[in-house]
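Place chain B with the ligands on chain A using the hints.
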Amino acid sequence: MSKAATSLPRTIGAHAILLTYTVIALFPVIVIVVNSFKSRAAIFRSPLTPPTAETFDLIGYTTVMAQGDFIQYFQNSLTVTVASLFLVLLFGAMAAFALSEYRFKGNTMMGLYLALGIMIPIRLGTVAILQLMVASGLVNTLTALVLVYTAQGLPLAVFILSEFMKQVSDDLKNAGRIDGLSEYRIFFRLVLPLVRPAMATVAVFTMIPIWNDLWFPLILAPGESTKTVTLGAQVFIGQFVTNWNAVLAALSLAILPVLVLYLFFSRQLIRGITSGAVK
Amino acid sequence: MGSLKIENVKKSFGPVEVLKGIDLDVKDGEFVVFVGPSGCGKSTLLRIIAGLEDASSGDVLIDGQRVTNAPPAKRGIAMVFQTYALYPHLNVRDNMALGLKQAGTPAAEIDQRIGASSAMLSLEPYLKRRPAELSGGQRQRVAIGRALVREPKLFLFDEPLSNLDAALRVNTRLEIAQLHNRLKATMVYVTHDQVEAMTLADRIVVLNAGRVEQVGAPMELYNKPANLFVAGFIGSPKMNFIDGARLGETAKTVGVRPEHIAVSDTSGAWKGTVIHAEHLGADTNVFLETEKAGLVTIRLFGEYQTGPGATLYATPDAARTYRFDADGRALG
Ligand SMILES: Nc1ncnc2c1ncn2[C@@H]1O[C@H](COP(=O)(O)OP(=O)(O)OP(=O)(O)O)[C@@H](O)[C@H]1O
Ligand SMILES: [Mg+2]
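Residue numbers (the working numbering), protein chains in the order written: chain A, 1 to 279; chain B, 280 to 611.
With the rest of the complex left out, here is chain A (with noise of 0.2 Å):
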């Protein structure tokens, strides 16, 4: 790096607002984490302090282990995620390539539709999807989670996908076609290594709302064997007492699984931001 872009000064304050951000955005985190190693009184005593000998307690952890099934809530958040997240991502990517890359009547119209899902909520649509899942019988099946979760993601991955496949070089692709290459391999083997970034930061941005929620496992799938680790906590959460022991536990192990996928995703990821395409 060149001396005249890193004046002392300057430093110090760039690292002084990050870090003080970086505390902010972890705090909460951390707090949940801390006291999800304490013993219930001492969260309620002083929730700041780290656990002591005294006050450390895994009570919070047992009671999640035994209470249900959470290894299979744990198994059931990551297929539902890992899946929809695969077809968002795939589906999302061959609508982009379509609509960058061939010309037809229409083309503009579709790219609109299927960007409309951005601004429109799809829970607006909760009723109907749950007529349709009752129809078709898939009530309290991971499967009717995973389609949702797909149909909720795909706008966003369409909008932005779309947006960087139209700066992969024309040439590229056409000399991978004189050279005699299929549509599919030029998408696959010329065109996704070079949106990496962009799917990475599709990927997380698709991927922490799915995981995350709450709506639609309660609506679509709330059976004891196909509930989520989000859903499986609410048992925690009474309407008189709430188990804050478990609920912290809970909330500390379903951070793990997001922390693992996001490590995977983020190096690709902050090269997505910071080529400026998500602004």
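Hint data in this document are derived by calculation from the structure and do not stem from the laboratory.
The structure presented is a predicted model; accordingly, all values stated were derived computationally and were not measured.
Be a bit skeptical, because a hint or two may be false.
[What the hints assert, rightly or not] Interface residues of chain B toward chain A, partial, derived using beta-carbon atoms under 10 Å:
1. ARG326
2. ARG345
3. ALA352
4. TYR363
5. ALA364
6. TYR366
7. PRO367
8. LYS380
9. ALA422
10. ARG429
Using N, Cα and C, we set each Cβ at its ideal position, and we do this for glycine too.
Below, chain B with the ligands alone, put in the same frame as chain A:
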């Protein structure tokens, strides 16, 4: 083995007609260059020949076969792009091999062809490198190599030199010329640089606004331009156009190339004042505001001492003036 015939090809993008009926015959082994101003449809025509774009109507025949409905890979062509368009995830060798593998060429033959063309283009040291690890000139040579190994009936080049710097452009131009001499292959080359066109072409096709203005050997276009557009487009600096009436001629426009005007300090046909002089070493370009013919550009060979304000007499070479009618067509 590699003739090309284009029959009344038209192309519209929506309401915009970009190609308005192009007919062209390219003989086997010929080097044909398309020139024309930006946006005149050169690339579009080339892409139609390659099969990357469908013509709205008309036909393309390669080697006598109608390929209008054949996909690019089945047309026996290879194309070199302005932006190189190398596959970023493959090394140089695999870049060259991909098309052959797709076509099911035996591995031994792929090796042999890559060996031959990388020797021809001095690419051997780079075969294991990725495109990102090459300079612009090296990348363009790889792109040419990728075209070579396909042993096509027809080579298509779309402004292959425009992304290179001036020195490299001259070298690569020479390499392409040598390649054509050695391979005797049919080549169609698009450029807006008339030096490239004049130096490389057996025949030049001048396009303007989706029409062919003239087809001919470089010197034919230079010496016998069919119309005002070609006269103005070929040659640098541009031909001087003078209103015929001012010179007492019947023709609407009279054209004189800057290099066909002699100057003198004492006497001549047109008296004028120098507005500006460009000293280029080998040439001197003088801009002379004349009383009779208006502003004319004069190209003098070698160094010539003059400057703004000086008075000069210019005399056009009568044998090399051109006359055009009201529609811009050349007379006589
Ligand atoms: N996909 C497209 N959709 C609409 N119009 C297009 C498309 N491609 C090209 N055109 C139009 O067709 C005309 C010819 O384009 P083309 O690329 O063939 O020009 P060109 O002669 O190669 O110019 P240049 O020297 O700048 O490369 C231009 O006016 C361009 O705007
Ligand atoms: Mg072009």
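Structure-based check of each hint:
1. Checking B:ARG326 against chain A by beta carbon gives a least distance of about 8 Å; that is within 10 Å, so the hint holds.
2. With its C-beta approaching chain A no nearer than about 19 Å, B:ARG345 sits outside the 10 Å limit, and its interface hint is violated.
3. With its C-beta approaching chain A no nearer than about 3 Å, B:ALA352 sits inside the 10 Å limit, and its interface hint holds.
4. The closest approach between the C-beta of B:TYR363 and any C-beta of chain A is roughly 8 Å, which is under the 10 Å cut-off, so the hint is satisfied.
5. The beta carbon of B:ALA364 is positioned within 10 Å of a beta carbon in chain A (closest approach about 4 Å), and the interface hint is therefore held.
6. The restraint placing B:TYR366 at the interface with chain A holds, with a minimum CB-CB distance near 7 Å, inside the 10 Å limit.
7. Annotation: interface hint on B:PRO367 holds; nearest CB of chain A at approximately 7 Å, less than 10 Å.
8. Look at B:LYS380: its Cβ gets to within about 9 Å of chain A, closer than 10 Å, so that hint holds up.
9. Contact between B:ALA422 and chain A, as hinted, is supported at the beta carbon level, the nearest pair being about 8 Å apart and thus within 10 Å.
10. Hint on B:ARG429 holds. Least Cβ distance to chain A is approximately 8 Å, under the 10 Å limit.
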